[in-house]
Each structure stands twice: as structure tokens, then as C-alpha cells.
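Participant: Just so you know, the sequences run in chain order F and A. Residue 115 in my numbering sits at position 115 of the first sequence, and the numbers go up by one each step. In short: position in the second sequence from 1, add 228, done, that's my numbering.
A portion of the hints provided could be inaccurate.
Said to hold, decoys possible - Okay, the calculated bits of chain F under chain A, using three or more residues with CB under 8 Å as the criterion: (1) 65 to 76; (2) 79 to 87; (3) 92 to 98.
Hint data in this document are derived by calculation from the structure and do not stem from the laboratory. Because the structure is a prediction, the values reported are computed rather than measured. Built from N, CA and C at the ideal position, the CB exists for glycine as well.
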Amino acid sequence: MEKQSKKSIFINPLIKENAILINLLGMCPVLGVTTSINNALGMGVAVILVLFCTNTFISLIRKWVPDEVRIPVFIVIIACFVTMIEYLMKAFTPDLASNLGLFIPMITVNCIILGRAEAFASKNTVVDSMLDGLGTGIGFLGSCLLLAFFREVLGTGGISFNNPFTGKQLFSFLPLEAIKMPIFVQTSGAFMMFGLILGVFFAIQLKIEESKKLKEKKAKENLAKEVK
Amino acid sequence: MNKFVKLPLFLGGVSLIFCTTLAIVVNFCKPQMEKNEQKKTEEAYASLYEGEINILDLDEKYLDFKDYSQIKDLKKIEHEGKNSYVYSLTTQDPQSGTVSFMLGIDSEANKVDAYTVVANNNSGYAKQFENVDAVKDALVKYGDGEGSFYRTAGATKTENAMKYAVNQAFLHYRNNFMGGNN
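With the hints as extra help, turn the sequences into a complete structure.
Facilitator: Written out as C-alpha cells, the structure reads:
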């Protein structure tokens, strides 16, 4: 396997190997909770914490885990960290925990977490696994925020933000309230908006690849001319 | 060591370590969660009745809800010289999710005098039940002790989730506080 630098381990999952926008993994919470920036931020931070902790721990014990029971061991570790986060959220951010509801315990079965544990943390050093967990988690958070931003703006006509610890509203800016389209904060709106974002994302990617190829072609042509 | 012994032992050991850690976290969070619950209940009572309320003693025999699965709690309260029975209800519907709400029934007029949603873990239709006045009006209109709760204004499929719970509260009230004339 090609050895990656620490920087690329952290940077790649942010955009180039983004779990949501490129690999289309762990879609359930992304579509379910991105009705508001608040919920997306809560879910994103919870996933970052779980990914960071599980990757670190699994990497720490990777040499002692027998191969035959590695998946059950990973699941026990992931489920334990998710339950800890769930209890901490219920205690200190009760409104956010209530809004996210079943999607918090469902982080346990999110394929990003088990995927990174199996594909990366069980084969790499602790520091690399930490960086991978952080990078993948931040990439997940970014995708959730992107989707939530457009859904909330179009669905409610603006942006509102509550303090997750007290539940009090910090600000509410609703300049487009008169033309809001509530479908975007419903489930069907999640699919529509996600499709649109994916479309734009892939279009940008294609454009970048095309321009790269064009540059390479021009460089080759110039080289050929110089040789002649 | 035989792997049929070694593997379960390893898995058991890992589970034990993590269960212990989890127990510590749960114990750390429990007092704060109880505080949150208490605060939520106080807020619910405050939004249920304006002004001061006194919780009165209620005979244990009225607190047997084995035939009323959606009734979670019942309190007798005194408010502005009137007595009311406050039911805490939780209803679950495949379409509309879980909604917890409180329903106060005036013991003299035998009709709904207060209603509030405590928790709504529902992202869809049940949001409409947070409109307290509209629902309270509908409950007063239809749930006046004569017939059972029938429908709310602006009927949608969501009403089933609430209807069963409200009907259970009325049934319990009639069987226990109106002489069982159901």
C-alpha cells in the first residue's frame, strides 16, 4: 500500500475523498437531520467525536485484537462511544438531543465509522488514525452544513441559530421568509437538494479534470513543438 | 489457549471494560438528565396553567394505568380555586412518530381546560399540535365529557396519533372520576 503523508491523510477526506459527496456513505443522518444548521452542526460534531475516539482506540489495540473477532470488537467500541456521546448530549444539550432523536444512536450503524475503523484504523498508527478520523469527520460535518444551509435558507427563508446548551435563540435572519419553500425542510426536499448539490459538485469536478487534461495536452504539444 | 476459549474471553474482556466506562459516563450524566426532566415538567405545567398551581394528593388506585398504555402520569392540581386532573400522555404512531403532551380536565365542568405539547420527536405532521389554542379549542369542543374526542380542526392523518391518547385520558377520567358511566 502506498504510504500517505500525514497532511494528505487529513486533507484528502475533506473534499477529494469526502465520505458523503464522493463515496456516498452514511447518507441516512445526512438526509434526516439537515433540516437546520443547528441539527447539522450537532450531528457533525457527534460524528467527529465518535470517529476520532473509535479510530484512536481501535488503532491503539489493533495488534492485540484477534482477526476472527475484530468486527464484533469494533462494533462494541463504536456502540460504547456512541452511547457515551448520546448520554452527554442528553445531559448537556437536551434540545439538540431531542431534535436529533434516533439519529444519534444510529451513528453506531453508520458505515463511515465502521468503514474507517476497518479500512484505516486497524492497519495504521495512532496518530495517522486520529488524523484520518478528524479529516473524515470534518468532511462529514462540512457536507451536512452545506446541505443544511441550502435547505434551511430555502425551506424557512433564512437562518436561525440556537445555543445548543441552553436552547435559546442566538440569532434569526429570515430575509426570504415571504418566498420560503417548506418542501426543502421535508424529507423529499432533502433528496432534491442533495441531488442538486451532488450535480453541482460533480460538474465542478469534471470541469477541473477537463482543464487538467487540457493543460497536460497543451504541455505535451508544446514539448513536441520544441523537440521539432 | 484454545481459540474457542480465547476469543470469547477477549470479546468479554473488551465488553467489560467498555461497559464499565459507559456506566461511569451514565452516572456522571444522570443527575443533569434528571434536572433537565424536572425543568421540562415545570415548564410544561407553567405553560399548561397561568399563575400558581398546587399539586394535590391523589389516591394510588387512580394511578394504575395497565389498561391505559398511553397514559404515563396523572396529577390532581388546584388552580385558581378549581380542581383539574392533568394527564401526561405519550402517543406513538408509525406515521407521525412520538408526541408527549399534557391534558388538563376541569373536574367540575368535566371538560378540557388545558393542553400542552411536552416533547415532539416528530419531524412531520404532528407539529400542528403545538398550536395550543387551536387544539385546545377543538378538544373543548369535542371532548366535553359527553362523547369521546373525535377530531381536531383541520383534520389530517396525524390526528390518529393524538386521538387514541386523548381518548384514553377521557376513558380513564370517566371510569374513575365520573362514576364509570362509559
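Participant: How does the coverage statement for the stretch 65 to 76 of chain F fare against chain A, requiring three or more residues with Cβ below 8 Å from a Cβ of that chain?
Facilitator: holds (count 7)
Participant: Examine the stretch 92 to 98 of chain F: at least three residues should have C-beta closer than 8 Å to a C-beta of chain A.
Facilitator: Since three or more residues must qualify, the claim that chain A covers the stretch 92 to 98 of chain F holds, with 3 doing so at under 8 Å.
Participant: Quick check: the stretch 79 to 87 of chain F, covered by chain A? Criterion 3+ residues, Cβ under 8 Å.
Facilitator: This one holds; 4 residues, not fewer than the three required, reach chain A with a Cβ under 8 Å.
Hint compliance for this structure: every hint is met.
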